[in-house]
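Student: From first to last, the protein sequence lines are chains A and B.
According to our numbering, the first sequence is numbered sequentially starting from 52.
According to our numbering, the second sequence is numbered sequentially starting from -17.
Be aware that a few hints might be false.
To be verified - Result set (DSBU-like, lysine-lysine): computed pairs, CA atoms no more than 35 Å apart in a straight line:
| no. | chain 1 | residue 1 | chain 2 | residue 2 |
| --- | --- | --- | --- | --- |
| 1 | B | Lys414 | A | Lys101 |
| 2 | B | Lys196 | B | Lys505 |
| 3 | B | Lys505 | A | Lys101 |
As the list claims (entries may be wrong) - Among chain B residues calculated to face chain A with C-beta under 8 Å, some are:
| no. | residue |
| --- | --- |
| 4 | Leu21 |
| 5 | Ser25 |
| 6 | Trp27 |
| 7 | Cys520 |
| 8 | Val563 |
To be verified - Ranges between beta-carbon positions, derived for each pair:
| no. | chain 1 | residue 1 | chain 2 | residue 2 | range |
| --- | --- | --- | --- | --- | --- |
| 9 | A | Arg80 | B | Asp213 | 33 to 39 Å |
| 10 | B | Lys414 | A | Ile132 | 53 to 59 Å |
| 11 | A | Arg80 | B | Gln574 | 40 to 46 Å |
| 12 | B | Arg231 | A | Ile91 | 29 to 35 Å |
| 13 | A | Ser124 | B | Asn489 | 17 to 23 Å |
| 14 | A | Ala103 | B | Gln439 | 32 to 38 Å |
| 15 | A | Arg80 | B | Gly646 | 28 to 34 Å |
| 16 | A | Arg80 | B | Glu512 | 53 to 59 Å |
Hints were generated in silico from the structure; no laboratory data involved.
Here a beta-carbon is modelled for each residue, glycine too, at the ideal position from N, C-alpha and C.
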Amino acid sequence: MTIPDLELLMMQSTPDHPPQSRIPVKMHRRVCLILAEDAILCEELLARRKLAQDVAGRLNERVLLLRPGRVESVVEELVRIGHTPAVHSPRTSA
Amino acid sequence: MLMLPFDTSANDQASAPLIRDALACYDEPLLRRVAGRLLNPRSHWPVEDLIERSVPALSNIPALDRRLRNLPPACRQLLAVVAHSQQPRWSVAGLVELLASLGQRDGLAPLVALMDEGYLLPDLDASARPPTIRDFETYLGTALFARQRVLFVPAVVRRCRHEPIDWPALEPVRLVLGGASESDGFDWPTRLSALWQEAALTPFRMTLGGVLFKRDVSRLRDDALLNRPSDHAPQVPAFGSLLVEVALRLGLLQRGDNELVAGRFGPIWQGPLAGLLGTIWVELLNVERWNSARGWSPDGEGGGSLASAYALMMTLLQRQPADDWLELRQLRKLIESRHPRFAGSTTLQQTGVVDIPDALTDAHADTDTHTNTDPNPDADTDTDQETDDDWASHFVAAVAWPLRLVQVARSAAGRTLVRLTPWARAFFSGAKLPTLEADIRQTLTVQPTGELLVFRQGLTPDLIRFLAQTARWKAIGHVCQLELNAEMVYRSLELGNSFESIMQTLNRCSVRPIPDSIAGLIKTWADKRERVAVYTNCTLLEFASPADLEQAQARGLLRARLTDTIGLADTDLDYRHLRVVSNRDYEAPPEQCVSVGDDGLTLRVDTTVSDLLLDSELQRIAQPLPGRRGDERLYLLTQESLQRGLASGLTLAQLEQWFLDRTGAGMSNAARLLLTASRIGPVQLSRLVVVEVPTVEVAEGLLQLPQTRELIARRLGATALVVAEMNLANFVARLQAIGLTCQQTNDLAPPTA
């Protein structure tokens, strides 16, 4: 790696100096997801009819995409079947 | 440490913005009048300058002392009671009651005088547009009926703390049976935390009118943790509702959509007990919908708060020497004899309890002319019989004793005696508060059954918060009982505690080591939580290539990588690294991003506006076609894919709606045919002869003519008619009979007659 390359890399990695090239990205906001520990657990969740109804799709073997507005009932159902999901929300209550 | 505005060491800078905002509401002439008294300006200063200079003038002690001497005695006495209350915000109605109790006939005049001097200000509602105040009489008159609050300037109130109240002295009681009873102060904090827990588990529902549902009122009434101030206190009317009101003010409960939900344990819970008790007292004085005589009255029928009576009681106790016991009954009667809310009570002079000068009695007679809503008509105020069922007894039982404000004892005659506790004396005088907690760390034991026994002497507000978040309250008494269970541990983890912090706190506070079985259970519950994570409102970034994703990951923009091109964005996303080519909000209605090909079966997805839901939706009903055309991705509807969609639970109506949402038009006929072909009745196959006539008129004529009409099976088009093969010869003959010639195509067999 040449010295100018190194400088560029450092500039990119420091927050005060935003990188010169911006990465084109498609942004999906306000998405609801389930992130399971492993694929088997994911299958277990999908096998539950009530949960499967609220799953819109599967992004990978561990990630389930939830239908908009269904997250509360999903969490309730997860708790009901004995899971204790870690709920990550920007609006935590206490 | 709690620092109240009337404490001797309080910093007046904290109230400067409130004073500035309040003065900014004054109409200019009114502001110049107030500022003229405060500043005595020699020239015409701009309004902004007047406000800026007035703020420091209201904390200039020498000038204040000089000016306060010229205030009417009623105003100074009012300021003294307010100083003892430690509450700078008062309802106008409460102040009028105080003034009437102090012998002031026109309750509003002293308040107008205080506002004229700048010592009393409107308490602005941050969520509402500030009013414009043109004159104080009108403002106070409106505020009186609207139950609005006013704000005292702290420095002014502090200077009047020692102003004597010209009420008759009460004779202290010398003969006291047994020892003094003083609370440890943990009843209110533990019960408030139990209320928070109850709301966290099942929110309290409210009607549209803003009152609790009957079932939730019953919950408050029947729950032994919430329906009484302490386990050996008498029943107090609607104590649970008082808890709710105070919890709302402390932020422990919050108003949601037609329900009360658990809020936050504020920073006050991380401080000492004295600060928490002081805050509860201060907030309690502003509770309007509960009083110790009638309990809870959401519609104001109970006459609202009795804060003025509570403040008077504390002021009267404060002026007594520290060791003096007063009979609660005498104290009550003295207040009732002067307070406008207790009309009809006999004066103390009539009962011979105390000797009241004639002048004061006359003043009292005048105060009786105020409109009165006796909050305690049933209480026995004239006889010597003590029932412990009056507003003062309820106040002591529900508030003063559990908040550790008063000590209670019994006289030789069996009467209730009260005096302020040492910490209450310090609190009401604005002095430095003593430490109330004992220096005991090991205060609980964890039983192998998961039950927690907590000895109260080692409690702190922070430990109460932790216990309420982590275990279920079962009993609050000398020894408190809680229960550890999966749900509570899960909630504790949700609130930011970790397995390590839970175990650390339990170990630190436990008298004995935590049983291995319980530690194992907590570990299991905590580990289980790590297995499933639900993200309720996250942002995903979809990159054009895996290389872009890796670059974003290197710049720290992603919390997790989900697929080759999709990552979970960090909570504090630095947008300077990104060029957002498309932005999709999943709470918004679905985006129309699919177009249907001419065949009615090929679906073209515009990938610049599509979302992740679309891929999943399409995979249920279509099969992807390899490759892509520019920004388009192709899918094909086949009979198998559509039938697979139906088999997965989709209905025809949902599919129709999907096409409307995603393509802007209904389902294509081809797709509908593929879906419904198996359910359509059989297609009729038969040999028919098509007769094509030269003009529409000929066709119409043949259809009308009786001899040909009966042989025509149906009309296919403007000039095309259908004739059954067996009728063909007959039809041709009738055509020829009317003069029409027929030309026959080669593939048709010659008609036979």
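Student: With reference to the structure, classify each hint as holding or not holding.
Tutor: So, going through the hints one by one against the coordinates:
{"no.": "1", "hint": "Lys414(B) / Lys101(A)", "verdict": "violated, 59 Å"}
{"no.": "2", "hint": "Lys196(B) / Lys505(B)", "verdict": "violated, 40 Å"}
{"no.": "3", "hint": "Lys505(B) / Lys101(A)", "verdict": "holds, 28 Å"}
{"no.": "4", "hint": "Leu21", "verdict": "violated, 47 Å"}
{"no.": "5", "hint": "Ser25", "verdict": "violated, 50 Å"}
{"no.": "6", "hint": "Trp27", "verdict": "violated, 45 Å"}
{"no.": "7", "hint": "Cys520", "verdict": "holds, 5 Å"}
{"no.": "8", "hint": "Val563", "verdict": "holds, 5 Å"}
{"no.": "9", "hint": "Arg80(A) / Asp213(B): 33 to 39 Å", "verdict": "violated, 51 Å"}
{"no.": "10", "hint": "Lys414(B) / Ile132(A): 53 to 59 Å", "verdict": "holds, 54 Å"}
{"no.": "11", "hint": "Arg80(A) / Gln574(B): 40 to 46 Å", "verdict": "violated, 18 Å"}
{"no.": "12", "hint": "Arg231(B) / Ile91(A): 29 to 35 Å", "verdict": "violated, 49 Å"}
{"no.": "13", "hint": "Ser124(A) / Asn489(B): 17 to 23 Å", "verdict": "violated, 38 Å"}
{"no.": "14", "hint": "Ala103(A) / Gln439(B): 32 to 38 Å", "verdict": "violated, 53 Å"}
{"no.": "15", "hint": "Arg80(A) / Gly646(B): 28 to 34 Å", "verdict": "violated, 23 Å"}
{"no.": "16", "hint": "Arg80(A) / Glu512(B): 53 to 59 Å", "verdict": "violated, 26 Å"}
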